[in-house]
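> Take the given structure of chain A and dock chains B, C, D, E, F, G, H, I and J to it, following the hints.
Here is what each chain is made of, one letter per residue.
Number of protein chains: 10
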Amino acid sequence: MLYCVKMDVNIPRDIPSEEVEAIKAAEKARATDIQRSGKWPHLWRVVGQYSNISVFDVESNDELHALLSSLPLFPFMTIQVTPLAKHPSSIA
Amino acid sequence: MLYCVKMDVNIPRDIPSEEVEAIKAAEKARATDIQRSGKWPHLWRVVGQYSNISVFDVESNDELHALLSSLPLFPFMTIQVTPLAKHPSSIA
Amino acid sequence: MLYCVKMDVNIPRDIPSEEVEAIKAAEKARATDIQRSGKWPHLWRVVGQYSNISVFDVESNDELHALLSSLPLFPFMTIQVTPLAKHPSSIA
Amino acid sequence: MLYCVKMDVNIPRDIPSEEVEAIKAAEKARATDIQRSGKWPHLWRVVGQYSNISVFDVESNDELHALLSSLPLFPFMTIQVTPLAKHPSSIA
Amino acid sequence: MLYCVKMDVNIPRDIPSEEVEAIKAAEKARATDIQRSGKWPHLWRVVGQYSNISVFDVESNDELHALLSSLPLFPFMTIQVTPLAKHPSSIA
Amino acid sequence: MLYCVKMDVNIPRDIPSEEVEAIKAAEKARATDIQRSGKWPHLWRVVGQYSNISVFDVESNDELHALLSSLPLFPFMTIQVTPLAKHPSSIA
Amino acid sequence: MLYCVKMDVNIPRDIPSEEVEAIKAAEKARATDIQRSGKWPHLWRVVGQYSNISVFDVESNDELHALLSSLPLFPFMTIQVTPLAKHPSSIA
Amino acid sequence: MLYCVKMDVNIPRDIPSEEVEAIKAAEKARATDIQRSGKWPHLWRVVGQYSNISVFDVESNDELHALLSSLPLFPFMTIQVTPLAKHPSSIA
Amino acid sequence: MLYCVKMDVNIPRDIPSEEVEAIKAAEKARATDIQRSGKWPHLWRVVGQYSNISVFDVESNDELHALLSSLPLFPFMTIQVTPLAKHPSSIA
Amino acid sequence: MLYCVKMDVNIPRDIPSEEVEAIKAAEKARATDIQRSGKWPHLWRVVGQYSNISVFDVESNDELHALLSSLPLFPFMTIQVTPLAKHPSSIA
Chain A
1 MLYCVKMDVN IPRDIPSEEV EAIKAAEKAR ATDIQRSGKW PHLWRVVGQY SNISVFDVES
61 NDELHALLSS LPLFPFMTIQ VTPLAKHPSS IA
Chain B
1 MLYCVKMDVN IPRDIPSEEV EAIKAAEKAR ATDIQRSGKW PHLWRVVGQY SNISVFDVES
61 NDELHALLSS LPLFPFMTIQ VTPLAKHPSS IA
Chain C
1 MLYCVKMDVN IPRDIPSEEV EAIKAAEKAR ATDIQRSGKW PHLWRVVGQY SNISVFDVES
61 NDELHALLSS LPLFPFMTIQ VTPLAKHPSS IA
Chain D
1 MLYCVKMDVN IPRDIPSEEV EAIKAAEKAR ATDIQRSGKW PHLWRVVGQY SNISVFDVES
61 NDELHALLSS LPLFPFMTIQ VTPLAKHPSS IA
Chain E
1 MLYCVKMDVN IPRDIPSEEV EAIKAAEKAR ATDIQRSGKW PHLWRVVGQY SNISVFDVES
61 NDELHALLSS LPLFPFMTIQ VTPLAKHPSS IA
Chain F
1 MLYCVKMDVN IPRDIPSEEV EAIKAAEKAR ATDIQRSGKW PHLWRVVGQY SNISVFDVES
61 NDELHALLSS LPLFPFMTIQ VTPLAKHPSS IA
Chain G
1 MLYCVKMDVN IPRDIPSEEV EAIKAAEKAR ATDIQRSGKW PHLWRVVGQY SNISVFDVES
61 NDELHALLSS LPLFPFMTIQ VTPLAKHPSS IA
Chain H
1 MLYCVKMDVN IPRDIPSEEV EAIKAAEKAR ATDIQRSGKW PHLWRVVGQY SNISVFDVES
61 NDELHALLSS LPLFPFMTIQ VTPLAKHPSS IA
Chain I
1 MLYCVKMDVN IPRDIPSEEV EAIKAAEKAR ATDIQRSGKW PHLWRVVGQY SNISVFDVES
61 NDELHALLSS LPLFPFMTIQ VTPLAKHPSS IA
Chain J
1 MLYCVKMDVN IPRDIPSEEV EAIKAAEKAR ATDIQRSGKW PHLWRVVGQY SNISVFDVES
61 NDELHALLSS LPLFPFMTIQ VTPLAKHPSS IA
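Chains as they are written, first to last, in the numbering used here: chain A, 1 to 92; chain B, 1 to 92; chain C, 1 to 92; chain D, 1 to 92; chain E, 1 to 92; chain F, 1 to 92; chain G, 1 to 92; chain H, 1 to 92; chain I, 1 to 92; chain J, 1 to 92.
For the record, the hints were derived by calculation from the structure and aren't laboratory data.
Per the computed footprint, the stretches of chain A lying under chain C, defined by three or more beta-carbons under 8 Å from a beta-carbon of chain C, are:
#, region
1, 58 to 64
2, 84 to 90
Each computed PhoX-like pair below joins lysine-lysine, with the alpha-carbon atoms no more than 20 Å apart:
#, chain 1, residue 1, chain 2, residue 2
3, E, 6, F, 86
4, A, 86, B, 39
5, F, 24, E, 86
6, J, 6, I, 86
7, C, 6, D, 86
8, B, 86, A, 28
9, B, 6, A, 6
10, E, 6, E, 39
11, I, 6, J, 86
Quick look at which bits of chain C chain A covers, simulated, 3 or more residues with Cβ under 8 Å:
#, region
12, 1 to 13
13, 54 to 63
14, 84 to 90
Here a beta-carbon is modelled for each residue, glycine too, at the ideal position from N, C-alpha and C.
Just chain A, with the same shape it has in the complex:
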């Protein structure tokens, strides 16, 4: 089941830079894991923004929320979720 997810990242400036680097490294590791599991098939950068547009493929709303809230950057992101359905003209 697919969802389009837009994540806008805004890391507060009062976090020490080493901590920021640690969070980003953890984020990258977690994002890699979820992608490898097949549940995050697409992850793109929005040009000019510290944002991504992603597609998730999960079993349920609860699983999607669990994945998103497991991201180390979750507390610093504004996330917008759009549920997707099969399009009648899609040849996929």
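Quick look at chains B, C, D, E, F, G, H, I and J alone, frame taken from chain A:
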């Protein structure tokens, strides 16, 4: 080169229903052709809306505009284009 | 799996009133059927608006879109879908 | 009398983490109490957000405001209230 | 129980002018009745707009919706409802 | 001459709590004085928000601005002013 | 007493062109009269739009509404009113 | 050449109050100078807001930007500029 | 003196197609003339929209309004004008 | 391939002024370099704002993102990107 494209369809009610059906059939044929060419790799329905979220893979802005404006429903769609770049954490 | 759905109804004035009545009757019948199936557990009127706030309980995004687009008023509604997850403080 | 209530939580970063934990624990306890009283029949998490969509069942606008402002997280929430009425097609 | 209600009126141009006049007369009569009942204590014109800001005093959300939807101009109004509570600094 | 005024209060967190209490007490005193003068006939709490909807009855725009800017919470409020006129259907 | 007023004009296309011309001529005459009375001291065109930004100088909210609603284009305008006060740094 | 300019002032709280007073005094002096030069013919307070609506009369876009950015409060203002043209119905 | 101008075109469907073609041809001719005069140095299509982003180089606000309102599509466009100034980091 | 880019700059106040000056100098140097490369053909100041409207001429979305994110002020800018195509009426 990838773009996220959201298309909201709103067909005016004063078009005769046979004409509407013809436009929709032509739209489906054109959408199939573009998808088969590899330039429209993703086409999803937004749940609850007469809208789609799509990903296009084209050579240039001009090619994207040419493809979008070649769609029979183009005059009846509100289209929003977001240029995408490679995400540093993507494993794709 | 739950979704919060807001539907704003706007029936075009050029539909003959008998046809409007027929559509509304069909809508009511269809809404009753879906509610009886257990897939539409809550349906409330928004005070002062020709709108409702609903909760759907379905298996998938595709099922939700199928249900919503089966409503006779679907062509005349603006629909906004919010996926819901279990809340950690809910006692339900 | 029912109201749909959306609460977006945004806890300031300058509150010490122990204090935040204490507030959250108090919030959970208070939310449990109100739910048990029957006045907060539904509480759902919005997927991807530190937000909830809730339904309250109270006697009056004043009672709703009293309940909402009694929540320990009240000072840190943006709250939107939509009054609900019985829907003519509801089978509830 | 008080509610602040803003009503924006937009009468479609395809209604014959005599019918419009009849609707307006019926609206005025109905508005007068509700005001006399004490349930619509304040009705003001917004300067420069075909809109009003009103205060209603009713027993319930359902009663408010019943009153608003009984207005002959109801199908032609966009209505926004804000529930009000007693203010701790009010001397009323 | 009447105005509808909406005030949203947002007190910065860096003000010491005793000072906040003093400001709130001064606000209440000032609000009481203006209400007693007859120039602030209505003051209601918006349910779920640290906001009020008020009606002022003053001689001029300048007097309204003088009253609003005399409120101790003025620096911490977002204020929206809507001029009101007599409504032709009002029985007041 | 001054007000800043923005008027956006949108004349429906179903009005016969002679009637439109008559309305515009009447509008110009009425606008000239009000300006000559001293109550409409400023009237400017917004570049690129069928809109104006104006300043009115009237005795009351009611007088302003009476003037605005006396304009022949009033039914076809969206009007936004901002009450103005004397600025402490103005040398006027 | 005229422009309508709206300035919303928001002075950060971390500036010491003496410095704020100095900035405000310098702002007033600079505003007086520009007004005396004839380039800032109108300056009004927006009722209820720390904002002004102004009209500037300058030779060019560059001159307007130079004037606005010369204001001591410029770093703390959100400024919106609307170019004005002569209105065909203006008698000025 | 430069301005960034965004024009969104929306031609009403009730204009006969021959008339639409005539208007478009006249628009193209007029746009060509203005471009050749040097006053419309840039004209770009917005990808996916019946819109353009343009840069005009004119003597005054009045000249810009005169040019824009001389376009045959002017009655069917929503136009947004942003005055530009020289940027201190521009090497142009 | 052209893009219209709007950049709004907002430098946090907690950065020491020398550091701000260093960032601005580095920004100016980098902006000069990119302009000299021919990839940033237009850079204009928006009147009254700490913003610019620019046109970039690059090979791909990825190159545009690389250029924008190489700007020293990138972390402090809100950036909006609009892909441009050739306009059929452009004589360029």
